[in-house]
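For the protein sequence lines, the chains are A and B, in the order given. Read in order, the letters of the first sequence are residues 912 to 1385 in the working numbering. Read in order, the letters of the second sequence are residues 96 to 171 in the working numbering.
Keep in mind that the hints are not guaranteed to be accurate.
Unchecked claim - Subject to a maximum C-alpha distance of 27 Å in a straight line, what follows is the list of computed DSS-like cross-link-like pairs (lysine-lysine): (1) A:K1085 <-> B:K149; (2) A:K1242 <-> A:K1265; (3) A:K1009 <-> A:K1102; (4) B:K149 <-> A:K1176; (5) A:K1102 <-> A:K1085; (6) A:K1242 <-> A:K1131; (7) B:K149 <-> A:K1083; (8) A:K1242 <-> A:K1070; (9) A:K1102 <-> A:K1070.
Said to hold, decoys possible - Computed from the model, here is a short list of chain A residues facing chain B with C-beta under 8 Å: (10) T969; (11) F1035; (12) D1045; (13) G1049; (14) F1050; (15) P1092; (16) L1100; (17) E1104; (18) E1105; (19) G1107; (20) R1175; (21) R1177; (22) G1193.
Treat the hints as calculated values from the structure; they're not laboratory data. Note that CB positions come from ideal geometry on N, CA and C, so glycine has one too.
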Amino acid sequence: MAYDDLRGFLQVLDAEGQLLRITDQVLPEPDLAAAANAASRLGDAAPALFFDNVHGFTSARIAMNVHGSWANHALALGMPKQASTREQVEEFIRRWAKFPVKPVYRDNPPWAENSVSGEDVNVFDVLPLFRLNDGDGGFYIDKAAVVSKDPEDPDNSGKQNVGIYRIEVKAKRKLALQPVPMHDIAEHLRKAEEVGQDLPVAITLGNEPVISIVASTPMKYDENEYELAGALRGEPAPIASAPLTGLPVPWGSEVVIEGVIEGRKREIEGPFGEFTGHYSGGRNMTVIRIDRISYRTNPVFEHLYLGMPWTEIDYLLGPNTCVPLYEQLRKEFPEVQAVNAMYTHGLVVIVSTKKRYGGFAKAVGMRVLTLPHGLGYAATVIVVDEDVDPFNLPQVMWALSTKMNPSGDLMIVPNQPVLELAPQAQTPGVVDKLIIDATTPVSPDNRGNYGNQVRDLPEMNEWLDRLRQLTGAR
Amino acid sequence: MICPRCAHEHVEQLFTSPVAGAWDVVQCQQCLYCWRTSEPARRTQRDSYPDSFKMTVEDIQGAPEVPAIPPLTRRS
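Required output: the full structure, derived from the provided sequences and hints.
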């Protein structure tokens, strides 16, 4: 079931009718991005796109929208392509329970086939780079899992980080990288820069699909992403040592770029159209010097279009953002039924919960704000009853329309931390947060006139199975 | 060729197409905007480049530092 490399996954997508090869010649701009942008408007079963006839290039191979639909996300997890969003989240939760599953070192990684070092490095030779959105400052790499270690504790594999961060290509061997302060690479960089050091990094592109998912998952600082990959794929993740830095990188990557974030150096970067659906402006960002590139022969450049939601990034940041919030909330409050944190990486969070007593739902809402991922996100938290499915937005809207009375159901918590990319903040990094209690009040909170709620008939579930069978058989 | 984003005149070539003559990738040496000569005019020509994306020298010099460089505690 597990995929060892991207190519294996592309084959499965193809076999399932989820890969569209564009054989006509396309222009690098605007066609590649416009096609991926369009794919995100094709619906929940949108295919991945593969291009190998790009004007001006002789050997470009480009894959886009690889995670860009519920069907593709299901296949990435080895589930049937019809699996619903909620089923995928629940399966994710079940598999996370097996965490940690330690990775295994494996010999002869395919990316070791070719390499180039030092002054011979030219990232443009290896990757067919191109622009995504009109206002982007240059050509980006935005689906690479970046590996780094804690400089103060380099042998602690828990504190290693594997995360996806936006990277702008600045020159043949120069990159910029955005380390968002709430995420772990920023912590590694701070420790290096405090003592005037560079931070070694390995930037890995074209990974098997579970690697990209874990590299986008908010994990605790001392949790190892490869150990979650092992739990999700049902067997240990194969890794190998990057030749220059020794950092542990996925065995199956198409390309491994090694170098350093140059300590205490910043340079103008961006802007870039972000997952928030807005550009983040030109800022002075970190600088990476590339020292070595290792790559598979005829590498596939896996790239991700992001912009006005939903695009591929929303699927990639969807289920994996729900699960840590769900687990962490349930530790304190076993009444929590489900958490939907799929909107803008959890800037909106919807929590379904039983109510222990009056006011309890608001306490659950407040707890979201102080969870590790809640600190940078969770600008709006909506709490709904245990029988409202937070993944069923029409039901959530029903809850808002009948269970929410602004007099007593809205809590504004002032001046909370939030990631700087959140555009609604007046001062970047600080925003008021809102908790909306859309639950039915319970004793001793006796507000409203709810009387008896109409509930699904007890016999409904049996009929549901029966109707599904009958319609399936048609 | 001037930079469509900041109008600076010093533009360098970063890369040329593997298929000769198809396009070049060039970069402004002031704001570091990078473009391919085959892109639509709204990305390559100063008079078509959207005003809201244009950048001035003041924008570059005043750009916030992200993340902030921490104070040195000691040199190791």
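Against the structure, the hints come out as follows:
{"no.": "1", "hint": "A:K1085 <-> B:K149", "in the structure": "23 Å, holds"}
{"no.": "2", "hint": "A:K1242 <-> A:K1265", "in the structure": "14 Å, holds"}
{"no.": "3", "hint": "A:K1009 <-> A:K1102", "in the structure": "32 Å, violated"}
{"no.": "4", "hint": "B:K149 <-> A:K1176", "in the structure": "24 Å, holds"}
{"no.": "5", "hint": "A:K1102 <-> A:K1085", "in the structure": "22 Å, holds"}
{"no.": "6", "hint": "A:K1242 <-> A:K1131", "in the structure": "15 Å, holds"}
{"no.": "7", "hint": "B:K149 <-> A:K1083", "in the structure": "25 Å, holds"}
{"no.": "8", "hint": "A:K1242 <-> A:K1070", "in the structure": "23 Å, holds"}
{"no.": "9", "hint": "A:K1102 <-> A:K1070", "in the structure": "13 Å, holds"}
{"no.": "10", "hint": "T969", "in the structure": "5 Å, holds"}
{"no.": "11", "hint": "F1035", "in the structure": "4 Å, holds"}
{"no.": "12", "hint": "D1045", "in the structure": "6 Å, holds"}
{"no.": "13", "hint": "G1049", "in the structure": "4 Å, holds"}
{"no.": "14", "hint": "F1050", "in the structure": "6 Å, holds"}
{"no.": "15", "hint": "P1092", "in the structure": "5 Å, holds"}
{"no.": "16", "hint": "L1100", "in the structure": "7 Å, holds"}
{"no.": "17", "hint": "E1104", "in the structure": "6 Å, holds"}
{"no.": "18", "hint": "E1105", "in the structure": "5 Å, holds"}
{"no.": "19", "hint": "G1107", "in the structure": "5 Å, holds"}
{"no.": "20", "hint": "R1175", "in the structure": "5 Å, holds"}
{"no.": "21", "hint": "R1177", "in the structure": "5 Å, holds"}
{"no.": "22", "hint": "G1193", "in the structure": "5 Å, holds"}
Of the numbered hints given earlier, the model fails hint 3 alone.
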